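Trainee: The lines below spell out each chain.
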Amino acid sequence: MNKEATQGSSFWRFLNLLEDGFLCVLLLGLVMLAFTQIVLRNLLGVGLVWADPVLRQTVLWVAMVGAGIATREYRHIHVNIVTRFLPIRIKAGVGFLTDIFASVVCALLTYATWSLVMDEYHYHVEGNLVGSVPMWVSQAILPFAFALISLRFLRFSIISLKCMIRGEDVSEFKGKGEAEA
Amino acid sequence: MISMIVFISIVVFLFLGAPVFAVLSSIALFGFYLGGMHMSIVGTEVFRLSSNPVLISIPLFTFAGFLLGESKAPDRMVKFCQAILGWVPGGLAIVTVFTCAFFTAFNGASGVTIIVIGGLLYPALLSEKYPERFSLGLVTTGGCLGLLFAPSIPLILYGIIAKQPVFDMFVAGFFPCLLVLCVFSVYSMLRAAYQYKIKRTPFHFRTLGSAFWLAKWELMIPVIVLGGIYSSIFAVSEAAAITAFYVFVVEVLIFREISLQRLVRLMSQSMIMVGGILIIVASAISMANFLIDAEVPTRLFDFIVGNIHSKFMFLLCLNGFVLILGVLIDIFSATVIVVPLLVPVAQQYDINLVHLGIIFLANMAMGYQTPLVGLDVLIASFRFKKPVLELTRAALPYMGLLLISQIFITYWPDLSLFLLRLMGKPY
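Just so you know, the sequences run in chain order R and G. Our numbering applies: residue 1 is where the first sequence begins, and numbers increase by one. Our numbering applies: residue 1001 is where the second sequence begins, and numbers increase by one.
It should be emphasised that the hints constitute simulated quantities derived from the structure, not laboratory data. Just so it is clear, the structure is predicted and the values come from calculations on it, not from any experiment. Yeah, the Cβ is synthetic: ideal placement off N, Cα and C, and Gly gets one too. Honestly, I wouldn't trust all of these hints.
[Claimed, not checked] Covered by chain G, per the in silico footprint, the following chain R stretches (three or more residues, Cβ under 8 Å):
(1) 31-40
(2) 72-81
(3) 94-105
(4) 109-116
(5) 133-147
(6) 165-172
Start from the sequences and build out the full structure, keeping to the hints where you can.
Mentor: This is the structure in structure tokens:
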């Protein structure tokens, strides 16, 4: 397969860049804000009221964006004790099944979390995050992340299927896997 | 009947290599569907990831660990340890044991230890005329040492899942981990002195002084983390924030050893690990409620309590079970799936939950050394370009040492708990 298949079209590459950038901003923000809060609290005896809830939501965002990137590099934690010993073609076939499975589950999770956001939007169960920012704004990361993850697994399933038909090794197209990370 | 088939096929998907989080979520989704509840409940459960104040320490410590691994900190730490311990018989082997433990505590068992520390020390061991097999086994097994030292992620995760204070887990892990390091050190010392007759390097105050000066920034990290946490100046999440900030300033701004491009790469790499772990935690939380509804824990509880009658037997079975578990799945998935089920059972046998965590994690760590398929064996095989079979053989004696330590850790609860008692905690 050509470079296009491994790295994806320019749409995916643009998305990757956007993701990396966004993740860096989130992570640096997390470190800086957490540190500032400690300095303020321990040295000056005052803390930012909004900092703790915002930090907790940032952890969620970091986790979801991180999980998105993990999908992109095919690095989600999985059990590989069986697949390790399978021949290339069967491995690709099994990969097709598990990718489709993951894609469907994530599509359902997209729906589940989307309903959560809609409920929150209409009924304000959790109250506001900080000030006048409602909680659904932070929750909105969930359906977006799961939709993206679902799409990526769908893409991988197609790659697996192609590999199975052509008898190629899937691992070449799915990132290097944990042992070589 | 249909639900049975669905559940079995979900487990099959787990072993066929579907992502663990997808498998757990599918159980939660299917369970709530059976219960006739709306799917948004699963969404609510996933969102609960943002309600735990300790969770923030996982991305922060992981980020710090990756920064340390990417900079030249390992180099400086190794030089410092060599200057202190080099003159002891088996000195370099002991240096390997301790630096591996230090970095694994920060990196989790991500394999970074083997790649970075092993990559540094394996050639050094060979050049000091340690035999190849001894050295390979040491750096391979080194990847799982230090998992019980603060601030390792498995300790934090266990604390969160088993609802035990993370601080207590940090304290409880200290002596069991030290025991393992001492067993390894004594073993290396004896072999180096009597069997291999390795030449000792003389001790120089000047070398130590300059090595200390070079590593001064990194040497402050244990002081901040351990000192800050153990003396209760900082909460665990605060220590995490300080560590991440401090390591960032030292390695990126003071030493300038990490270019901007590598920094971006490192951030996404470290958060891949964090995202991978936290999404499993979220899916496990949503699955746990369903399991309770389906009375899985109670059934398991009745089964075990009905069949195993003594604490001793239970612990023995636990060791065996977790050893097999460690072969099958990784430490994070195992923790979130199995620990909620183990907790009520262990309480029935009067086992302290903090001690249970230490037993569980020390036991799981051995899974990384599993012959042929253990993650550490595979990573070392990749890093040192040696066949898996050869590494398996090299790691075997160390596996034996780990097993011996495991016996002490399991059947001597005070080893884990006495420090907590000294601190006036009711254990």
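Trainee: Hint by hint, note whether the structure agrees.
Mentor: So, going through the hints one by one against the coordinates:
1. 31-40: holds (count 6)
2. 72-81: Per the Cβ count (8), the hint holds.
3. 94-105: Answer holds; 7 residues pass the 8 Å Cβ test.
4. 109-116: holds (count 7)
5. 133-147: holds (count 3)
6. 165-172: Coverage by chain G is violated here, the residue count being 0 at a Cβ distance below 8 Å.
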